[in-house]
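Enquirer: Below are the chains, spelled out letter by letter.
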Amino acid sequence: MAEKKPSILNRLRNMTDTNLLLTITIVMFFLMYIGAIVFQGKGFLKPQTFFNILNANAALIILSVGLSIVMISGSIDISVGGVTALVCMSCAVHLDYKGGNVFTAFLLALGIGIAFGFIQGILIAYLDIQPFIVTLAGMFFARGMTTIVNTNPFNVENPALVALKDTRIPVPFLGSYNKLGEYINAYVEIGALVAVAVVLILFFVLRWTRLGRNFYALGGNRQSALMLGINVKRTKFYAHLLCGFLSGIGGFVYFLHVGSGAPTHAAGAEMNAIAASIIGGTLLTGGVGNVIGTFFGVLSLSTIQNIVNSAGLDDAWWTGITIAAMLCLFLVIQSLVLSRKKKK
Amino acid sequence: MKKNSFISKIAGNRILIPIVALLILAVFNFIADPSFFKITLGYNNLGNPVLSGYLITILDYGSELAILALGMTLVTAASGGQDISVGAAIAIAGSAMLRVLCGADGRAETLQTPIIVAFLIAVVIAMAFGAFNGILVAYFKIQPMIATLILFTAGRSIAAWINNNQLPIVNDQGFTVFGGFIPGIPIPTPFFIAAACVVVIMLVLKFTNLGLYTQAVGINESSSRLNGLNPEFIKFITFVILGICVAVAALIKVSRLSTINYSVIAKDIEMDAILAVALGGNSLSGGKFNMWASVLGAYVIQFLTTTLYKFNVQSDALPAYKAIVVIILVIISAPTVREWMGNMWTRMNEKKDAKEAKVNG
Numbered sequence: 002m003a004e005k006k007p008s009i010l011n012r013l014r015n016m017t018d019t020n021l022l023l024t025i026t027i028v029m030f031f032l033m034y035i036g037a038i039v040f041q042g043k044g045f046l047k048p049q050t051f052f053n054i055l056n057a058n059a060a061l062i063i064l065s066v067g068l069s070i071v072m073i074s075g076s077i078d079i080s081v082g083g084v085t086a087l088v089c090m091s092c093a094v095h096l097d098y099k100g101g102n103v104f105t106a107f108l109l110a111l112g113i114g115i116a117f118g119f120i121q122g123i124l125i126a127y128l129d130i131q132p133f134i135v136t137l138a139g140m141f142f143a144r145g146m147t148t149i150v151n152t153n154p155f156n157v158e159n160p161a162l163v164a165l166k167d168t169r170i171p172v173p174f175l176g177s178y179n180k181l182g183e184y185i186n187a188y189v190e191i192g193a194l195v196a197v198a199v200v201l202i203l204f205f206v207l208r209w210t211r212l213g214r215n216f217y218a219l220g221g222n223r224q225s226a227l228m229l230g231i232n233v234k235r236t237k238f239y240a241h242l243l244c245g246f247l248s249g250i251g252g253f254v255y256f257l258h259v260g261s262g263a264p265t266h267a268a269g270a271e272m273n274a275i276a277a278s279i280i281g282g283t284l285l286t287g288g289v290g291n292v293i294g295t296f297f298g299v300l301s302l303s304t305i306q307n308i309v310n311s312a313g314l315d316d317a318w319w320t321g322i323t324i325a326a327m328l329c330l331f332l333v334i335q336s337l338v339l340s341r342k343k344k345k
Numbered sequence: 029m030k031k032n033s034f035i036s037k038i039a040g041n042r043i044l045i046p047i048v049a050l051l052i053l054a055v056f057n058f059i060a061d062p063s064f065f066k067i068t069l070g071y072n073n074l075g076n077p078v079l080s081g082y083l084i085t086i087l088d089y090g091s092e093l094a095i096l097a098l099g100m101t102l103v104t105a106a107s108g109g110q111d112i113s114v115g116a117a118i119a120i121a122g123s124a125m126l127r128v129l130c131g132a133d134g135r136a137e138t139l140q141t142p143i144i145v146a147f148l149i150a151v152v153i154a155m156a157f158g159a160f161n162g163i164l165v166a167y168f169k170i171q172p173m174i175a176t177l178i179l180f181t182a183g184r185s186i187a188a189w190i191n192n193n194q195l196p197i198v199n200d201q202g203f204t205v206f207g208g209f210i211p212g213i214p215i216p217t218p219f220f221i222a223a224a225c226v227v228v229i230m231l232v233l234k235f236t237n238l239g240l241y242t243q244a245v246g247i248n249e250s251s252s253r254l255n256g257l258n259p260e261f262i263k264f265i266t267f268v269i270l271g272i273c274v275a276v277a278a279l280i281k282v283s284r285l286s287t288i289n290y291s292v293i294a295k296d297i298e299m300d301a302i303l304a305v306a307l308g309g310n311s312l313s314g315g316k317f318n319m320w321a322s323v324l325g326a327y328v329i330q331f332l333t334t335t336l337y338k339f340n341v342q343s344d345a346l347p348a349y350k351a352i353v354v355i356i357l358v359i360i361s362a363p364t365v366r367e368w369m370g371n372m373w374t375r376m377n378e379k380k381d382a383k384e385a386k387v388n389g
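Protein chains in written order, with our numbering: chain A, 2 to 345; chain B, 29 to 389.
None of these hints come from the bench; they were simulated from the model. Predicted model, so just to flag it, every value in this text is computed and none were measured. A hint or two may mislead.
In silico contact screen, one side only, chain B against chain A (beta carbon under 7 Å); selected entries [unchecked claim]:
#1 I360
#2 A362
#3 T364
For every residue, glycine included, the Cβ atom is placed at its ideal position computed from N, Cα and C.
Extracted from the complex, chain A is given alone in its bound form (with noise of 0.2 Å):
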């Protein structure tokens, strides 16, 4: 007779592996935060801190939630950062220099974003070639036109932008008070709405939408997805294109973010990318991944980030080899969990 309670173990081994792999992410984001209350003091019990990790890392969410949809279908894309470095210096220099107005250089950040996406699609899609080339010519493309476009690193002065780059939205019963007993709003960047109205977005798209599950049937096995008739050159295109589209908006986001232009911006995203998604249980071989997990996986990327330059180690140099580590074990854990897989 099967016991009628299973035990945890028990859930635990009978998990599919994007369960395993988000309740993993989701625990170790919790565990991490918990560890920077206890080691760090007071500051991260704030919801404010929590809120500007959000800020701070409202891009490089929408980046990362682009890259997991490319990962579950079996892809690559590691173009994304040099994309957003070209999307903030084009739209800077429309701004200032060409004078347009916000709303046409959102559209010319969506352009870039697809046009990436459009031409490395039909090549990695139609034309067979490994992704991990076409997007790292991708980069080094994107990368060069930047400086290409302008050399110099500037802010932008437009006052429409200024604005929108100040907007705080509050945040309500979530305030702290201040040294003079003031309650202060909590607030959140506009960046941020955006970047969790993508994630809910793509989490629906991902789990109830034909195109959706064709991703994870692709990435699984693309033979038996072939099979089943879905059409998966024209799938593996539209995960590529999203991706564009995606590192489109992020690049508007990191924009509005910084406010300025400048050739090294977003230096090293498409590691914090690859890395965020893999920590959130994305596998590097497809067919597995949740956005919800992607998301969390920034935010534990950005806390051990914050742990570590408080602690001290504020060197540039802890925070890459810190990532490197953190993606290194991630990476481990994953084959662990492949070889389980096979075990069974």
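Since chain A is already given, all that's left is putting chain B on it; use the hints.
Expert: Same frame as chain A, but now just chain B:
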């Protein structure tokens, strides 16, 4: 039919691609400005004879790329992926070399250790990092590019950390030989180092089964396992060999400047190394390779870089142009495109045959 097979024989030869690219670049430069090919003999500030000119620059800077291309070709052939951490690994190896040469404070007037000791330590360290990549790829089955992405991110940070973020300077003239000129010989030293590396690799390929085994693993991993090979170990060993190549390239790079700049040294060189392998007509998804073609590819890439510099392209904008070259290359070599072009070719021939038949009939 005879013509068809002749053309396919030429097209099938891997070394053709870099040669054609080289010819196109050379003709382009000749038309734009024939002074590109001028070589002058001068004397440097030490009174040694040196050759200078764009072609010598290509020979000089293309050599470190050629050394990297040797290792990268093996890694590509065995694992079907590329190591994108070579630039960061050069920074680490170079940093370690300087640390050993200059001692802890980095401002020593004389060398603290013989150059050969420092070089060997750098080789060991670079091999260790290669082994780290190799273990992740071979035993943990992580895609090579993702696995090496870890070192790609952390590498320059580790390099800065080795020297406590200081910039040690070597004051010894003997150290500049490796990236400059041997007194009395007007050809840059890196070329000789590259030649030595090529000879060593060729001897290894000739007298051991390394080449055969890497190709077997790259073509079909499971069937090579059934034939008694150990695919994991072979993949692992290619990454270690790439580590040695990285250390040699680091020696040249550091010797050029007698110091190091962690964020700039060997920047974007991974792109050039991959490009060299691709230009050599080697499949980037593993399998058969041609070492000569890769080496030639490396010099062609440097030819392209030098040409772009000559036309006053900013160094930050270079990647954009190279990216276009990569894309064109991969499109040409994509199987789908080749098949399509092959079909076009046969259709054209059929049409011609039909026409001839009509004329004759």
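Enquirer: Of the hints stated earlier, which fail here?
Expert: 1
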